[in-house]
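S.K.: Fit chain B to the known structure of chain A by using the hints.
2 protein chains.
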Amino acid sequence: MPFVLTILGSSSAAPTSERNPSAQVLNTGKHLFLLDCAEGTQMQLRKMRLKMSSIERVFITHLHGDHFFGLIGLMTTWHLLGRKDVLHIYSVPELKEALDVMMKVSRTTLNYQVEYHFIEPELHSLIFEDKFIEVYTLPLNHRMPTCGYLFKEKPKSLNLNKSAILKLALPYPLLQDLKNGKDITLPDGKIISNTSLTLPPSKQLSYAYCTDTSYFEPLVKYITGIDVLFHEATFMESEVKLAAEKLHSTASEAAQIAKLAGVKQLIIGHFSSRYKELDPLLLEATEVFSNTVLAKDGFVFKF
Amino acid sequence: MPFVLTILGSSSAAPTSERNPSAQVLNTGKHLFLLDCAEGTQMQLRKMRLKMSSIERVFITHLHGDHFFGLIGLMTTWHLLGRKDVLHIYSVPELKEALDVMMKVSRTTLNYQVEYHFIEPELHSLIFEDKFIEVYTLPLNHRMPTCGYLFKEKPKSLNLNKSAILKLALPYPLLQDLKNGKDITLPDGKIISNTSLTLPPSKQLSYAYCTDTSYFEPLVKYITGIDVLFHEATFMESEVKLAAEKLHSTASEAAQIAKLAGVKQLIIGHFSSRYKELDPLLLEATEVFSNTVLAKDGFVFKF
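If you read the sequences in order, they're chains A and B. The numbers in the first sequence follow our numbering, run straight up by one, and end at 1039. The numbers in the second sequence follow our numbering, run straight up by one, and end at 1039.
What you were told as hints is all true, and nothing was included just to trick you.
In this list, chains with the same sequence are indistinguishable; a pair is considered to hold if it fits within one copy or across any two.
Simulated crosslink set (EDC-like; lysine to aspartate or glutamate; CA at most 20 Å straight-line):
1. K766 - D821
2. K840 - E830
3. K787 - E754
4. K783 - E754
5. K783 - E1013
6. K890 - E865
7. K1038 - D963
Hints listed in this document are in silico derivations from the structure and should not be mistaken for laboratory results.
So that you can see chain A by itself, here it is in the shape it has in the complex (with noise of 0.2 Å):
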């Protein structure tokens, strides 16, 4: 299964009619992941016909409200739609005390559960795992605790030669003794190697979610040779120095920081409203690092 990352809002801190704030869904196929939750972002999920209820992890990188002034409308709403699943939202505490005071004054009770997990954005951190996947923090360097986050595929099982197991009716257990890289023992004695009847596991999934930062060094030894990294690309080079003032970054330091990791393909967003057309801010990013694409509200990536 590839991931599928659906762009929700392209647009730093103040929105355009074009461009929402930020917010992305993460498909790994096993997971429906939200990153960041901007206002707007549940008219986007309904837009984009993304399955609201499905979404189980929030992951939000800090609290600018351009990143999460949209959760508490979204958690009303799956309260509305008779949501029973256990949200999970990682973020730093102050989150839960702004979430707690507006369901307070909205007279909002929850009808699902809420688990917080705390994160301490200024560490590289797993925060969440199971069979399938692994969830890192990665410090950045903004004007308030900020993290990104890497979804790491763990190593996967292998793949079935579909041709080969033909062949034989193998039964259901001794499927997955191949998979897990064991050889058989047919009824009859026979021992078959698991090489002769398997294939090499899927690629193991790798995406970085990078935002709000200034170019930050540090961050690429923990997003090297990745498969696709999202960084922020707030401003064009001419505006380097408010860049540097605001702690954001250039679509050319954004590539700076994709080539030095040797990610395979960058995504710049995040971008700031006098930007009318991101073509310029696309080639500045494409001169450092040619696999460079846009974040556009609407655009899905699949890799």
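M.R.: Then chain B, alone, in the frame of chain A:
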């Protein structure tokens, strides 16, 4: 100057892909008022090309999320865009508590002043007036303290009879005297009666914004004879029991209030997301009160 009402959101609690939750802009010619501010309001203001920075007063009916979750984002954007004008907010005090916490966790210190006007939703009170307009609260009946708002122009000065005054070269102060109903004395001592130089004043316009509420007849006496009534119509009559239980109204009930109050026009809105097509709601309302129209996102009403 007519009143110009722009519907930014016509949905009830859960937005649909077509309908945003509650927000309207009333342009009285002298003021730009924002009525409720659900999630997505700032995006809708941009899409409708309304001059965001000219909004001076925000009137919040109640603290269900679909009426105020967009305020924090709009306030933050005003800050980012350099707003300097005082922002006036009319609401129950709990709104300030929620906004203060959201500002704190998002580390936002606004560069403009916010003046809160705490209202008592159970009373019919004058909460704002200047020489052009009066704004009153309208007690409603909902699951939490809720009020509507009545916007009522003050008596206007007389209009000048342009063809009559063209023959006389009157200085500005005398024109003001005429508008205020005074006779004037020409330099030669001749007195000219006011009535020969003036026309009756323009009509005083009035608009009431009533959401959310059950069918609530005590409202009628406060809105009798007004020009335009917006009344919520969350459900159709087939859901009258659910409407009563949730303290919402049906389209037919909204029309009944309009009929009893003898208003000139009724706008219905705040529709449940269960209704894909709205014409049946309109039909139901017009059977009781013929001059009814539907609120839809982006609709502009001049009256």
